[in-house]
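Asks: Chains as they are written, first to last, in the working numbering: chain A, 9 to 363; chain B, 3 to 84.
What the hints contain is simulated information worked out from the structure, not anything from laboratory work. This structure is a prediction, so every number in the text was calculated from the model and none was measured. By construction, the Cβ of each residue, glycine as well, lies at the ideal position given by its N, Cα and C atoms. Where hints are given, some of them may not hold.
[What the hints assert, rightly or not] Here are the in silico distance ranges between beta carbons for each label pair:
#1 A/187 with B/57: 28 to 36 Å
#2 A/283 with B/19: 26 to 34 Å
#3 B/66 with A/192: 31 to 39 Å
#4 A/187 with B/19: 40 to 48 Å
#5 A/114 with B/19: 34 to 42 Å
#6 A/88 with B/81: 26 to 34 Å
#7 A/77 with B/33: 54 to 62 Å
#8 B/16 with A/69: 48 to 56 Å
[Unchecked claim] With a straight-line cut-off of 25 Å between C-alpha atoms, the simulated SDA-like cross-links for lysine to any residue are:
#9 A/287 with B/31
#10 B/55 with A/192
#11 B/55 with A/158
#12 A/201 with A/267
#13 A/177 with B/55
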Amino acid sequence: MRTNTFRVVLTLVFLLFFSQGFATSEGSETEEPFNTTELIFHHIGDSHSFHVAGDISIPLPIILFTENGLVTFMSSEFHHDVEGKTIVTKNGLQFVNVHEKIYQLDSGAKTVAFDSEQHPTNAGRPLDFSITKNVFSMFLSMLVIFLLFTTAARSYKKSGTNMPRGIGKFLEPIILFIRDEIAIPNIGEKKYKRYMPYLLTLFFFIWINNIFGLIPFFPFSSNLSGNIAFTLALAAITFILTLYSSKSTYWKHMLWMPGVPIYMKLFLAPIEFMGMFIKPAALTIRLFANITAGHVIVLSLISLIFVLNTLWVSPASILFVVFISVIEVLVVAIQAYIFTLLSALYFGQALEEEH
Amino acid sequence: MSLALIQETATVSYGALAAIGAGLAAIGGGIGVGKIGGAAMEAMARQPEMQGKLQGAAIVLIAFIEAIALFAVVVSFLAMDK
Numbered sequence: 009m010r011t012n013t014f015r016v017v018l019t020l021v022f023l024l025f026f027s028q029g030f031a032t033s034e035g036s037e038t039e040e041p042f043n044t045t046e047l048i049f050h051h052i053g054d055s056h057s058f059h060v061a062g063d064i065s066i067p068l069p070i071i072l073f074t075e076n077g078l079v080t081f082m083s084s085e086f087h088h089d090v091e092g093k094t095i096v097t098k099n100g101l102q103f104v105n106v107h108e109k110i111y112q113l114d115s116g117a118k119t120v121a122f123d124s125e126q127h128p129t130n131a132g133r134p135l136d137f138s139i140t141k142n143v144f145s146m147f148l149s150m151l152v153i154f155l156l157f158t159t160a161a162r163s164y165k166k167s168g169t170n171m172p173r174g175i176g177k178f179l180e181p182i183i184l185f186i187r188d189e190i191a192i193p194n195i196g197e198k199k200y201k202r203y204m205p206y207l208l209t210l211f212f213f214i215w216i217n218n219i220f221g222l223i224p225f226f227p228f229s230s231n232l233s234g235n236i237a238f239t240l241a242l243a244a245i246t247f248i249l250t251l252y253s254s255k256s257t258y259w260k261h262m263l264w265m266p267g268v269p270i271y272m273k274l275f276l277a278p279i280e281f282m283g284m285f286i287k288p289a290a291l292t293i294r295l296f297a298n299i300t301a302g303h304v305i306v307l308s309l310i311s312l313i314f315v316l317n318t319l320w321v322s323p324a325s326i327l328f329v330v331f332i333s334v335i336e337v338l339v340v341a342i343q344a345y346i347f348t349l350l351s352a353l354y355f356g357q358a359l360e361e362e363h
Numbered sequence: 003m004s005l006a007l008i009q010e011t012a013t014v015s016y017g018a019l020a021a022i023g024a025g026l027a028a029i030g031g032g033i034g035v036g037k038i039g040g041a042a043m044e045a046m047a048r049q050p051e052m053q054g055k056l057q058g059a060a061i062v063l064i065a066f067i068e069a070i071a072l073f074a075v076v077v078s079f080l081a082m083d084k
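Isolated chain A (complex conformation):
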């Protein structure tokens, strides 16, 4: 019975996709040539308003620190203009939105002038603390994680620690997995407890943001964990924690490797020293590239319908999208796992004692 219902739902979902494919491919015939790259970069990039569907989008607040103090207004004042044509005047300063970047016009300038690479020449960028699409989705995932874990904690308080209940049933195996498979083998029985809160936060934060990125409708769908600033911030925290917990053995092995001839020592020291910075850089790019690539593949497959400009491609393209999305569900969990695993590995290396 249950499988039957599942099949019916799946078929309905497919039909929905098909009908959408038909509906949208008809509209694009008379318009200008379809630009795949632009569409994809628009979707994976950050934005100052949250596009819901069709012409509906939700404005988000813009918060700027300028020389005239704090300036705040809603992004709807730009009226969806990203070419820098609509000028918003606040606190005696003029602002424009050029490809989702807020520029402040120099005093005396009436319009934005562009150089040959489409960068404004008579405008600078103020300090931008806006709640963009990505920031919004980060707040959302923080809220979801907070609710999930406080609910789980409350259920443990009520029922004691013998049996997980409710959401705890789902979370406990994952937490135990991180403790037993990631933290203890890499950091060690004695010291792993200090790092558990960070490792758990890392895993669930990345995982939930990855999943939110895969869900293709309104409050989700932003490419937060495919944003290099986000992954860089996480990798930087790992880097700082590694340095903070490092023991003298770690530095000795890096700068003056014991047990090798002196010319090897001279050769290894710069390599090891560079490795210290390459590790977090690799963490940054690994997560960023994996998640961005997932989004790009899905969007490219959908764009195939518009590139070939025929609705007969849509069944194949939708099938591929579903296939890739299913793989992505696996990939996002593996990426969260790998980020956590490598962080634990680096902490373990830093903590290693002389033996």
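Using the hints, position chain B against chain A.
Replies: Here is chain B on its own, set in the frame of chain A:
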């Protein structure tokens, strides 16, 4: 001759080079994943009781290889911007 035309050809060839780079990265990734997959299958056939552990390790290693291929994709994205 017109600078615009030269620039046009330049951007086109950058895009093509980026595509070739991405393709080469895909070949490298394919070889890596194939080797891991083959070795994992062989190991599983020899010791079926280790299947769970081997599968986990193989998936993680594949994710590492895939990441290296994706580094190259990121570089070709950057090259395309030029």
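Asks: Next step is simple, just say for each hint if it's right about the structure.
Replies: Status of the hints after comparison with the structure:
1. A/187 with B/57: 28 to 36 Å: The hint (28 to 36 Å, Cβ to Cβ) is violated, given that residue 187 of chain A and residue 57 of chain B are roughly 21 Å apart.
2. A/283 with B/19: 26 to 34 Å: At 30 Å between Cβs, range holds.
3. B/66 with A/192: 31 to 39 Å: With Cβ atoms ~22 Å apart, the hint is violated.
4. A/187 with B/19: 40 to 48 Å: holds (47 Å)
5. A/114 with B/19: 34 to 42 Å: holds (37 Å)
6. A/88 with B/81: 26 to 34 Å: holds (31 Å)
7. A/77 with B/33: 54 to 62 Å: holds (58 Å)
8. B/16 with A/69: 48 to 56 Å: violated (38 Å)
9. A/287 with B/31: holds (20 Å)
10. B/55 with A/192: holds (17 Å)
11. B/55 with A/158: Between residue 55 of chain B and residue 158 of chain A the Cα gap is close to 33 Å, so the pair fails against 25 Å, i.e. violated.
12. A/201 with A/267: Violated - the C-alpha atoms of residue 267 of chain A and residue 201 of chain A are around 32 Å apart, more than 25 Å.
13. A/177 with B/55: holds (23 Å)
The structure does not agree with the numbered hints 1, 3, 8, 11 and 12 stated previously, though it agrees with the rest.
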